[in-house]
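A.B. asks: Residue numbers (this note's numbering), protein chains in the order written: chain R, 1 to 293; chain P, 1001 to 1216; chain F, 2001 to 2135; chain V, 3001 to 3607.
Just so you know, not all the hints are guaranteed correct.
Partial list, derived from the structure: chain R residues whose beta carbon lies under 7 Å from chain F [unchecked claim]:
| hint | residue |
| --- | --- |
| 1 | Cys263 |
| 2 | Leu266 |
| 3 | Phe276 |
| 4 | Gly278 |
In silico SDA-like pairs for lysine to any residue, Cα to Cα no more than 25 Å straight-line [as the list claims (entries may be wrong)]:
| hint | chain 1 | residue 1 | chain 2 | residue 2 |
| --- | --- | --- | --- | --- |
| 5 | R | Lys231 | V | Asp3478 |
| 6 | V | Lys3586 | R | Gly274 |
| 7 | F | Lys2023 | V | Pro3076 |
| 8 | P | Lys1014 | P | Lys1117 |
| 9 | R | Lys231 | V | Asn3578 |
| 10 | V | Lys3302 | R | Asp160 |
| 11 | V | Lys3085 | V | Glu3065 |
| 12 | V | Lys3164 | V | Phe3176 |
| 13 | R | Lys172 | R | Gly274 |
| 14 | V | Lys3501 | P | Asp1033 |
| 15 | V | Lys3366 | V | Asp3478 |
| 16 | V | Lys3595 | V | Ile3585 |
| 17 | V | Lys3049 | F | Ala2063 |
| 18 | V | Lys3583 | R | Asp160 |
| 19 | V | Lys3117 | V | Asp3478 |
| 20 | P | Lys1117 | V | Phe3498 |
Derived, one-sided and incomplete: chain F residues facing chain V with beta-carbon distance under 10 Å [said to hold, decoys possible]:
| hint | residue |
| --- | --- |
| 21 | Arg2032 |
| 22 | Gly2044 |
| 23 | Gly2051 |
| 24 | Thr2093 |
| 25 | Ala2095 |
| 26 | Asp2124 |
| 27 | Gly2128 |
| 28 | Glu2132 |
Keep in mind that the hints were calculated from the coordinates and are not lab data. Beta carbons: idealized from backbone N, C-alpha and C, even for Gly.
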Amino acid sequence: MLGLEVLILEQEAGRRSDIERALSKEGYTVRFAQDGPSLLAELGSHPPHLVILDLDLPGNEGMALLATARSLQPALPVICETELPEVEPAVEAMRRGAYNYVAKSGSASYLLETISHALERELMAVETRQRAKERRVRTFDDPESLAAIDGILSRHDYSDSMLISYLQDIQKDLNYLPQDALRFVARRLNVSLPRVYGIATFYKAFSLRPRGRHLVHVCLGTACHVRGGQKLLESFERELGVPSGETTYDDRFSLESVRCVGCCGLAPVFMVDGKFYGKMTQEKIPEVLSRYE
Amino acid sequence: MAERAKSIRIDGRKFTFRRGQTILGIAREHGIDIPTLCHHEALEPYGSCRLCVVEVKSGDRTRTMASCVTPAGDGMVVRTSTPGIREIRKTLIMLLLARCPNIESIKAMARKLGVKKVPFPKSDEDCYLCGMCVRACAEIVGVRAIGFAQRGHESVVAPPFGLVSNACIGCGTCTTICPARTFDLDKVFARRGMHRVEGKDGVGRCIICETYYMGG
Amino acid sequence: MVCPCRQTRKVSSLERLDPLKLKKLHNELRERRSEEVTIVIHMGTCGIASGAEEVLQAVLDVASEMGRSGVVIKTSGCAGLCSREPMLTVEVTGAPPVKYVNVDPAKARRIYSEHVLGHQPVSDYAIGVGCERIH
Amino acid sequence: MSKKAVTKTRSLSVCHGSCCVLAGARDVAAALKAALKENLPGARVKVKKGRCSARCGGGPVVTVEPDGTVYTGVTPGDAAEIVKKHVAGGKVVRRLAAKAKVEPGPIPALGESGFFKDQVLIAMRNRGRIDPDSIDDYIANEGYLGMAKAVTEMKPEQIVAEVKKAGLRGRGGGGFPTGLKWEICRNSPSCDDKYIICNADEGDPGAFMDRSLLESDPHSVIEGMIIGARAIGATRGYVYVREEYPLACDRVIKAIDDARAYGLLGESILKSDFSFDIDVVRGAGAFVCGEETALMASIEGKEGKPRPRPPFPAQSGLWGKPTNVNNVETWANVPPIALRGGAWYASLGTARSKGTKVFSLVGKVKNTGLIEVPMGTTMRQIIFDIGGGVLKDRELKAVQTGGPSGGCIPADMMDIPVDYEELARAGSIMGSGGLIVMDDETCMVDVARYFVEFLEDESCGKCTPCREGITRMREILDRIVEGKGKRGDIELLERLAFTIKEASLCGLGATAPNPVLTTLKYFRDEYEAHIYKKRCPAGVCKALIIYRVVAGKCTGCQRCVRACPVGAISGPRSQPHNLDQDKCIKCGACYEVCKFDAIAGDAIYVE
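Pulled out of the complex, with its shape left as it was, chain R reads as follows:
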């Protein structure tokens, strides 16, 4: 937690020193704002990583500040505090973008936990945004990428009957089939783009969206089904927090189901990056997932 700055607006002196003690112990750098305007000024000049905001400021100023702060720094997590927690203001605060709503009377450890969750989520969001940006920057119509794809097409003399095979090889290299790549293939092979697009969407093996670093395939063959494959899939969905067919927010895993991988003797089975895990139970999933970074 070193180097992470928390900016606090708290009208009660006793509470201020409580929070300061608890947070400094954990290595956070704590700054205090005197009032609303100085808080907003700080946000402009030295943006912190997280804000703790007292909602009990006179005249509902807290709620207004929350809205302004979020509009200035949309990604900034704000934790709201109050003496007397009630449902309505809580809902209102969350609606205005608060990360969480805690009681001042609550334990310090609960506050710390909330802070660390908020920061964790924020860091991941930053990372995800960055990656998404990189992804957008990375197009596949630069000469280098096209030359690589052209190399694949030349392996079979640009014969259009090898289309499926080309797409498989391209996907192997790029992890998915980008639009640019499909357009280039159609142009280079002199076939219609709808045909290329039709094939890329008809066959299950192709993905038109980028996939995670690791591919989880849960087998739903008959043998796996009667031995609990569906439950295994649901367990993965809970564990990874994404439905089948999606990629986790940190791009670590893509979860897909597959109709029989031909390893029925060890049912139920799943695969991670092509490695088989047989005779599986829900219990063993977290351990297996922890092997993949």
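Based on the hints, put chains P, F and V in the right spot on chain R.
C.D. replies: Only chains P, F and V this time, still in chain R's reference frame:
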């Protein structure tokens, strides 16, 4: 010696036929009605709607076949409206009506086959995937600007990536041939600012050169 | 993983065969029984999924520790009984082959030292002796 | 010697374990038969193909029954002596008699009990013995000898005749006679090329013999294809492999390269005037590509959508040329037929189904794996003798065969001999040979729903009945398993089933309703329980069950507490736990981990 003319029996009537004719072709030639939803005179037979199924007895085998894609065979005995066939057609139109409850051609066909109620929850699709637009684009216009995407129940007719297709010449054949009249060219090609050819009567055939042209 | 016997196996000249040469090659290969003991690790997909690669590695390790003269280590495809994989078969020339099931690296080490080197089958892990009936 | 010699000997059992066969047991058996015919015509002495007696070092082994004398190291030259001296004269041939009895050691003989006992291998003849990457290993085991015979000694018509005589039928589904298929393709006029295809797009969930064959013995498939090409007159072949099978793909490619290097494939095979080559094509994840016309569309680089037949592939297939498609197991059976003749193959099996069949025995059975048994073996033998019985000794409910196109055979029909006709009579099909064992914890409505969902996913979407009808069936089954089934749902399912079966364009649709129809036929009461009583007798359908802790059995070990993903189970160690029904998401994790049967998945009774 002249070859004996090949003959087929449809609903008790005997007809001679030319090589390569389909059962549907012969039936229509002689005014026997077989309902279809994906067949078009200007296009290659496709056999997807299956409404044209008939009972075909050939040798000692009796089978249900799609008449639009089954070539006539010598000595075939065809029945176009047995109770079983009627049952199949009713179920099929129910399925299509549940998919596309607001398409006139489907509603008309359902009325014709005596189907009023549909035992399935209704959705509201505007396309029943007869593929005429896709086929017309490929076979008549020859540009293949649209195609099928996805598969199974998720199949759709779409230009690549849902975006404007560069290959499209804006001829409008797809919109004119669409039996559902829902293929919205404006929507698909709006961004290219191309005009669309107004067509009223679908694809017609030139009586002199025998090629197909756009109606209107 | 590369089959270990691929490194040691002498690839026959790979010349183009005619019917006579094929028969001759068949007879030669059939008679070729130079080594005393053959250990076969069954590596079909089910076997690999159950840990056959680890077993193979254990066998190679123990072989390099304890010696592998007169021993052929090879891999094959699936042996059929998926629920008891990984499996391996040890055949001492002149004696019936013994099939082992549910093998793990530790069991593989014991099988190597007692059966492969000591010619004493490990009855604790074996499912049967002899071979399968072919038509 | 009298024509009808009285002899006590009933049979001479020649061990056909792979070791003995390699040592020449087949020749010994043939010599014994000839010697019997010559010396004791009319005597009722059989020459049997025995199981392995674990005397593998000293083969070939002959056992005289009923007296039990064992001869080892027998050669064809010894046959006459054994027949004259022992069978006719009743005296043991000391020179050949085994030195000592094999003591029943601590390890049982493979051929005497359990999983391997009733199996007879033809397609998987080399399993577990040869290195799939070594062409030399394959040649050592009679590899390519059948092909050599077919290419150099037989006319194409003769090859077709032998395959017809063998009675080999397509192992991938329909069971169409292979020889006949070849003949039609052979006689189909073509100006230049004909093609043959090995269909390794093994899509049936629960079947994996094609994968295993390609992985463990790729050369036998290649050899079969060369023989087929010779018979049909094809110049080029394709192996169409599912992309889910990367190992199989690699091994076939290596095998093809090796065969080419030996001149067994490619230009002028074995220096004859016959040329033929094979390419490998990878599928891309579409079950429908197992259908011949869709498969060919896929090889041509198109969407795998079936097209109407006629024209049949044998007339106009790949690129409009006559094409013959067989599946992996079918091709693997061809080399031994070419080498030993059709009669040899046809000596196993039933009246109309010859030879052996590979089954993948999986599901709720103790021994899972691939088995190869003669046609006509009963389902009971397969599940209880070979499979060792139902897992946890629960009650057998049904066996599903034939994948999504097949059906479920109920437990009281386990005595049917397994062949094409009997399975069809039971309402199922052989398919590619998946046998999925189901016990009383398997819900048949859920199984039917599973297959229908599978097919909905895999339908290509071209024709109305398959695309729309299967989805509607799935919707109906969905509401039945959710406890929302209505009166009339069963009839609606039957109506849809009829239309889909009759009107679909290809085999996928035409067989799609089978899982529903057979479960309706044999397990209608389960459907009715779901619809009318709102209960799932097997305790599978989530909406109709609750999990609870059986207090008397719970030891308070806390395993379920740890396993529960939503914290619904609580309780101190060593005391029966509590399960909070409000929190429970019915994932079954507790049920899976409990070692004391203390978690019950009970039906909710609404009566």
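A.B. asks: Now look at each hint and say whether the structure bears it out.
C.D. replies: Now the hints, each set against the structure:
{"no.": "1", "hint": "Cys263", "result": "5 Å, holds"}
{"no.": "2", "hint": "Leu266", "result": "6 Å, holds"}
{"no.": "3", "hint": "Phe276", "result": "3 Å, holds"}
{"no.": "4", "hint": "Gly278", "result": "5 Å, holds"}
{"no.": "5", "hint": "R:Lys231 x V:Asp3478", "result": "17 Å, holds"}
{"no.": "6", "hint": "V:Lys3586 x R:Gly274", "result": "30 Å, violated"}
{"no.": "7", "hint": "F:Lys2023 x V:Pro3076", "result": "20 Å, holds"}
{"no.": "8", "hint": "P:Lys1014 x P:Lys1117", "result": "37 Å, violated"}
{"no.": "9", "hint": "R:Lys231 x V:Asn3578", "result": "22 Å, holds"}
{"no.": "10", "hint": "V:Lys3302 x R:Asp160", "result": "9 Å, holds"}
{"no.": "11", "hint": "V:Lys3085 x V:Glu3065", "result": "15 Å, holds"}
{"no.": "12", "hint": "V:Lys3164 x V:Phe3176", "result": "11 Å, holds"}
{"no.": "13", "hint": "R:Lys172 x R:Gly274", "result": "13 Å, holds"}
{"no.": "14", "hint": "V:Lys3501 x P:Asp1033", "result": "24 Å, holds"}
{"no.": "15", "hint": "V:Lys3366 x V:Asp3478", "result": "31 Å, violated"}
{"no.": "16", "hint": "V:Lys3595 x V:Ile3585", "result": "21 Å, holds"}
{"no.": "17", "hint": "V:Lys3049 x F:Ala2063", "result": "38 Å, violated"}
{"no.": "18", "hint": "V:Lys3583 x R:Asp160", "result": "55 Å, violated"}
{"no.": "19", "hint": "V:Lys3117 x V:Asp3478", "result": "43 Å, violated"}
{"no.": "20", "hint": "P:Lys1117 x V:Phe3498", "result": "19 Å, holds"}
{"no.": "21", "hint": "Arg2032", "result": "7 Å, holds"}
{"no.": "22", "hint": "Gly2044", "result": "5 Å, holds"}
{"no.": "23", "hint": "Gly2051", "result": "16 Å, violated"}
{"no.": "24", "hint": "Thr2093", "result": "7 Å, holds"}
{"no.": "25", "hint": "Ala2095", "result": "5 Å, holds"}
{"no.": "26", "hint": "Asp2124", "result": "9 Å, holds"}
{"no.": "27", "hint": "Gly2128", "result": "3 Å, holds"}
{"no.": "28", "hint": "Glu2132", "result": "6 Å, holds"}
Violation of the numbered hints given earlier is confined to hints 6, 8, 15, 17, 18, 19, 23; the remaining hints are satisfied by the structure.
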